[in-house]
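J.: Residue numbers (the working numbering), protein chains in the order written: chain A, 1 to 441; chain B, 1001 to 1123.
Keep in mind the hints are simulated off the structure, nothing from the lab. Check before you lean on any hint, since a few could be wrong.
Calculated from the model, a selection of chain A residues having no Cβ within reach of chain B, i.e. all distances over 12 angstroms [said to hold, decoys possible]:
{"#": "1", "residue": "GLU50"}
{"#": "2", "residue": "GLY74"}
{"#": "3", "residue": "GLY136"}
{"#": "4", "residue": "ASN139"}
{"#": "5", "residue": "SER223"}
{"#": "6", "residue": "ALA277"}
{"#": "7", "residue": "ILE357"}
{"#": "8", "residue": "GLN360"}
{"#": "9", "residue": "LYS374"}
{"#": "10", "residue": "ASP387"}
{"#": "11", "residue": "HIS405"}
{"#": "12", "residue": "ARG409"}
{"#": "13", "residue": "GLU415"}
{"#": "14", "residue": "ILE420"}
{"#": "15", "residue": "ARG432"}
Per label pair, the in silico range of CB-to-CB distance [to be verified]:
{"#": "16", "chain 1": "B", "residue 1": "ASN1087", "chain 2": "A", "residue 2": "ASN433", "range": "56 to 64 angstroms"}
{"#": "17", "chain 1": "A", "residue 1": "LYS167", "chain 2": "B", "residue 2": "VAL1100", "range": "55 to 63 angstroms"}
{"#": "18", "chain 1": "A", "residue 1": "GLU373", "chain 2": "B", "residue 2": "THR1092", "range": "52 to 60 angstroms"}
{"#": "19", "chain 1": "A", "residue 1": "GLY136", "chain 2": "B", "residue 2": "GLY1023", "range": "50 to 58 angstroms"}
{"#": "20", "chain 1": "A", "residue 1": "GLN360", "chain 2": "B", "residue 2": "VAL1121", "range": "55 to 63 angstroms"}
Here the structure is a predicted model, which means the values were calculated and not measured. Where a beta carbon is used, it is the ideal one built from N, C-alpha and C, also for glycine.
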Amino acid sequence: MMADTVHTAETTAREYDIVIVGGGPAGLAAAAAAKRAGNDSILILERDHELGGILNQCIHNGFGLHTFKEELTGPEYAWRFIQQVYDLGIEYKLNTMVMDISEDRVVTAMNREDGMFQIRAKAVILAMGCRERPRGALNIPGYRPAGIFSAGTAQRLVNMEGYMPGKEVVILGSGDIGLIMARRMTLEGAKVKVVAELMPYSGGLKRNIVQCLDDFGIPLKLSHTVVDIEGKEHITAVTIAEVGPDRRPVPGTEERYTCDTLLLSCGLIPENELSKAAGVELSPVTSGPVVNESLETSIPGVFACGNVLHVHDLVDYVSEEAARAGENAVKYIQGLGEAQNEGAADPAAEARRITLIAKQGVRYTVPSTIDPEKMDDLLTVRFRVGDVYKDSYVSVYFDDERVSHMKKRIIAPGEMEQVILQKSKLTGAGIRNITIMIEKE
Amino acid sequence: MEKRELTCIGCPMGCLVTVEMEGQEVLSVSGNTCKKGEIYARKEVVDPTRIVTSTVRIEGGDKPRLSVKTKSDVPKNRIHDVMEEINRCVVTAPVHIGDVVIENAAGTGVPVIATRNVEAVLG
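Next comes chain A alone, as it looks inside the complex:
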């Protein structure tokens, strides 16, 4: 297949304009956009044996409605972008693990063919995605038997390897992957007994609750958690209990479920070990890099996009964001010739910088700062809320002046929200802060 011919090109080259870490949806879209923006020196480094990332195991449909105006499955969506990367002749290396990214953008990676190698890049795009919160990070009491999987591990076993982890399933956490796996395991003949969610609301998309749980009569128990796991060799039962407002189990509410499988779908964490080691400033809220309007991190020339930046609900938004990161990386490289971009911070740019403030229900914003001179004509600011808000307003303040007040029937933590800022309203206006918050009226 054409894949092999492309990826063997120029394996000895040690300098690229743009190195993209990760060949999932973010990396693929960033690469395609950078190439279309005129850059011919792009290399994608992917640790798996194929491009496409986690989409390859997400065989359910619902991807791509915004991007392609049709509903695709994960592998189909990935394939559209993999094809673009092939057609554009973008280089990539598979089975390649990036070990280190230095502050001056030297990428150290290794694979079986090249051994350990280094690439000096003018720009680096971080597109490593995220990973699931493991049991060790959840403080679940009880034994540690076999049969406990993250929902994504189970998804890979069922959809790619063709193995069923078990027949009687309890799911802790109502993240999207957990909901999708509740349906998937049910369709494959397992009995999914209950989905327990610690929070009083689900972290998953509404449509997944409808299609994956309600359709099959699987109960969703909000404000519940696992308080005991039984079984020495293999899991035999779990006990779940209701939790109070302090999220501690309420004595007397325990219910025991016999099961041979416990799936965990308790949140995703951007995978930023490489970013951290490089010295990229991370947000304590998102666990992803703090970025400006160009999706550039605290290290000039290092950009971030997709789930490594903040966990997205829709891959369409990942593709869109990643394309901007790719274009901005090309712009950054074009600007390198101009003296003021090298080295010391530009005081004029510092003076123009607008800080985005997330408060009153809004947990964070991406980006965190905006240089009105550098922003696109329209800039999408994405954010998530920390609670469920009904019939509330998303308000935007330029310093103390409220400039937007949008009514929403429902705003939930599981779904990403956005506001769009216009460059013409921000340039030369002397705005210091833009605040986004939720207001009751």
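Based on the hints, put chain B in the right spot on chain A.
T.: What follows is chain B alone, placed relative to chain A:
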């Protein structure tokens, strides 16, 4: 008059749609933000359908499973029958995206098609 509240699944927005019904007749649909919502709600209360996605065994390929989907939606109460037929199905590589794997899934008239490429492994 009966009032039914649905979450639209036409797109990931998940609009809360309210349908007012009199027997099997839909009187009004509200809460949707696009036409899809109205079409979905009118259908969901009378004739619910779903796209079924799963995998089938594939022999001689570079992967052990081939992901598949029903080309269009099937009646919700036929999902189980469609799954039974999918689980009986074994195909031989190579198979490419869009290739028909089952022509008429469980008599629904809807074909099951491949959603990934699995290449043949020689030898």
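J.: Confirm or reject each hint.
T.: Results of checking the hints against the structure:
no.: 1; hint: GLU50; in the structure: violated (9 angstroms)
no.: 2; hint: GLY74; in the structure: violated (8 angstroms)
no.: 3; hint: GLY136; in the structure: holds (29 angstroms)
no.: 4; hint: ASN139; in the structure: holds (31 angstroms)
no.: 5; hint: SER223; in the structure: holds (21 angstroms)
no.: 6; hint: ALA277; in the structure: holds (34 angstroms)
no.: 7; hint: ILE357; in the structure: holds (27 angstroms)
no.: 8; hint: GLN360; in the structure: holds (23 angstroms)
no.: 9; hint: LYS374; in the structure: holds (30 angstroms)
no.: 10; hint: ASP387; in the structure: holds (17 angstroms)
no.: 11; hint: HIS405; in the structure: holds (18 angstroms)
no.: 12; hint: ARG409; in the structure: violated (6 angstroms)
no.: 13; hint: GLU415; in the structure: violated (7 angstroms)
no.: 14; hint: ILE420; in the structure: holds (16 angstroms)
no.: 15; hint: ARG432; in the structure: holds (34 angstroms)
no.: 16; hint: B:ASN1087 with A:ASN433: 56 to 64 angstroms; in the structure: holds (57 angstroms)
no.: 17; hint: A:LYS167 with B:VAL1100: 55 to 63 angstroms; in the structure: violated (31 angstroms)
no.: 18; hint: A:GLU373 with B:THR1092: 52 to 60 angstroms; in the structure: holds (59 angstroms)
no.: 19; hint: A:GLY136 with B:GLY1023: 50 to 58 angstroms; in the structure: holds (55 angstroms)
no.: 20; hint: A:GLN360 with B:VAL1121: 55 to 63 angstroms; in the structure: holds (57 angstroms)
Consistency with the previously given hints fails for numbers 1, 2, 12, 13, 17, ordered from lowest to highest.
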